[in-house]
Amino acid sequence: MLDTVVIPLLKILILLNGVLIAVTYMVLLERKVIAWVQVRLGPMRVGPYGILQPIADAVKLMVKEDITPTRADKWVFTAAPIIVIVPALIVFAVIPFGDQVDLFGRTVSLYVTDINVGLLYIVSVASIGVYGIILGGWASNSKYPLLASLRASAQLISYEVAVTMTLVSLIVVAGSLSMVQIVRAQQDAHVWFVFLQPVAFVLYFIGGLAETNRAPFDLPEAEQELTGGFHTEYSGMRFALFFLAEYANMIVVSAVATTLFWGGWLRPFPSIQVAPLAWLGLVPGWIWFLAKTFVFLYVFLWVRATLPRYRYDQLMRLGWKVLIPLAIANLIVTGFVKVLL
Amino acid sequence: MLDAYVPILLFILVAVGFAVFALIASKLVHAEKYNKVKLEPYECGIEPRTDARDRYSVRYYLVAMLFVIFDVETVFLFPWAVIMDRLAWFGLIEMLIFLFILVVGYVYAWRKGALEWA
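Sequence order for the protein chains is A and B. The opening position of the first sequence corresponds to residue 1 in the working numbering, with each subsequent residue numbered one higher. The opening position of the second sequence corresponds to residue 342 in the working numbering, with each subsequent residue numbered one higher.
Please keep in mind that the hints were generated in silico from the structure rather than gathered at the bench. Since this is a predicted model, take the numbers as computed values, not measurements. There could be a bad hint or two in this list.
[To be verified] Residues of chain B placed beyond 10 Å of chain A at every Cβ, according to the derived structure:
1) VAL416
2) TYR449
3) ARG452
4) LYS453
[What the hints assert, rightly or not] Here are the simulated lysine to aspartate or glutamate pairs, EDC-like style, with alpha carbons at most 16 Å apart:
5) B/LYS377 <-> B/GLU388
6) B/LYS374 <-> A/GLU65
7) A/LYS64 <-> B/GLU388
8) A/LYS60 <-> B/GLU373
[Claimed, not checked] Covered by chain B, according to a simulated footprint, are these stretches of chain A (three or more residues, beta-carbon under 8 Å):
9) 231-239
10) 313-323
Note that beta-carbon positions come from the ideal geometry of N, C-alpha and C, so glycine has one too.
If we strip away everything but chain B, and leave its shape as in the complex, we get (with noise of 0.2 Å):
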């Protein structure tokens, strides 16, 4: 059984082992010359005078939270849907009755704004 996961872990391994050869091959081979205006961060030309880590648009922290709502509900579905032939009628008003559920949170966070951006 869990022997179909030890390829998983040697592809993680192989994939690992590629991405830091691919950095260390390169860091053998490749060019540096530095100087200080080089090494600014990218700004359009103009020096940075502030850190770049400033506050910003708590829409994307909503947006999170809503992701971690309905992708956790998701998850719930798919042991449901794989033996929905057994469950049959019992199964699917089962499920309705959870994605009723779902709904009105959804139907909540839309009629609050929760989904506009502007």
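With the rest of the complex left out, here is chain A (with noise of 0.2 Å):
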């Protein structure tokens, strides 16, 4: 009972009210980031430079008015984002923050669970919020919501096919599925997977831009053509619950490409024993762990601040033209390889 119910409960709330924290401020530094790029100043009204907006924001997003357009499909509106953010924020159960630790006396696993499909588990729970997109559009019965949502499906369901395909070359390389296991993997390898799969690092991270719908590929919400996209018709909380998906998508991402790649919470180097390399190892897994996963949420940010936007033809022929057929050939390539070595 304890190990199987309470604990992981524990787990969960601490790592629910982290990746809320997180989430709210992600937008800040959102904010800050692309108003320093801009030589701006960003928010600095809120608190010492800004740092109590995210509050004021919860605060302003509880107490607005929640409307529910009259022509609206009324209990598919409601339930929109509520299957958006549920996936997004489920996915966190088996990402690995870190190895075993001891604590109270205990040997406390830093990840709420560790099951033997959890990549396939990642890749399939975090689609189902497309459902929630298509839905949101559906039910709001106005027409720029239901152009955007078209599109965030169409961009969605394109790149997940590039994505899935490319993260098979990394299950060969890793020979496993689990999160934990992965890991475990580059420590064995001596290097982090990253060096081993370059072109699935990269092909995994524009993909990763695309299914968050972030920049350059956020034509689901460009407001020059669509107003707010698939969210238009939403206010108050539930447009607040969407908002927060997007982000927690964004931690995910980032956290995921970590775990796979770049050796989750493995130091650099993770085997080679020498002196001057040591006090990399003083450092705890999960300080390395959430230090590579902020690098790329700074990442996320900086691309949206430096890169325009696609055209929609682009971006299909990017996804199917050139991201699968460099999927395809990676994994022939990463088979041979590896049957040859």
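Hey, can you piece these two chains together into the complex? The hints should help.
Dropping the structure here:
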């Protein structure tokens, strides 16, 4: 009982709070980073350097009027944000933030659970969110959300094929679908998998940008053509749930990239035991994990501040005619290398 | 074995609970000053005259079909990739044949213009 229910429940609650705080501060970080790129100050009013801005935002979204348009399908309109946020959160269940640590005389693992199909679980659960986007746009019964949700779903499923195909070549190298085993395999291989699968990492990261609807693939939210995108009709808390889900998905993509390609909780040079590198081992694994994840989150913002948006036909061409052939070629090469070596 | 899935079930319950709780809590404290115009669907200031659920481009349907085909085929690759070590040459050749059939379909779709958007 204690091991199967109470401890996981505690971990889930801590993780949920951590994710929500990270998400709200991610919004502030995004505003700040983009402001700095554009030589502005960004939020400065709420608290010193605007660090209390997320709290003000949360209160505002909480007390804001929540509108259901008259022509909307009321129940589906409310269900859609829930369908989007739940998969975005439950994916965190299999992400290993670190190895085992001793805490209050018990050995506690720094992941909620380790299932042997962890990566498959992430891929499949993460794609449930598409349903919420389609249903949200459809239930609004308004032109912009409907167009945007069609665009968003076509984009998500196109890039999902490429991403899933790419991950297969990583699995060939790792020999396991369990997230914890994949990190251990990187320790045994004495090298982070990004050095064995550089093409796969690049494909995965491009696909990750597209799957989270981030710039330069943010067509579903192109303000100039579609006003607010699929959540045009949403306001108040239901809009907040969509917003949380988008940022939570960014954290998921970064955390999965860290786990699969950049050694998860492992320090740099994971198995070289020489004196000059000893200090690297003093830093706990979960700090390495969070630091690496943060780097990818920063890259998300950096890309948004730097690159212009794709045109829709370019987007579909990149997904179907560039990423998929590259993913298949990468898989075949990986298969041959694996058998020959 | 199945014990590993109990936390996931818990997580689903907690996540749904969080979403529902957030909606209910906001329902209790938020402002409510509705009027007819505010509740109309947004259309850049113009009164919406028809239902928004109009016909849309058949391309979306085509993309959905291609997705079903390619994604299901990708799922077949997962078990092969995990035990690649043990299958060695046998597995590689089998999978090359499978990928060849996949690529034939892909080239056919490309030649037919199914991947063009404009």
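Taking the hints in turn, this is what the structure says about them:
1. VAL416: violated (8 Å)
2. TYR449: Answer for B/TYR449: holds, closest chain A Cβ roughly 13 Å.
3. ARG452: holds (12 Å)
4. LYS453: holds (13 Å)
5. B/LYS377 <-> B/GLU388: Holds, at roughly 12 Å.
6. B/LYS374 <-> A/GLU65: holds (8 Å)
7. A/LYS64 <-> B/GLU388: violated (24 Å)
8. A/LYS60 <-> B/GLU373: Answer holds: A/LYS60 to B/GLU373 is near 14 Å, not above 16 Å.
9. 231-239: holds (count 5)
10. 313-323: holds (count 5)
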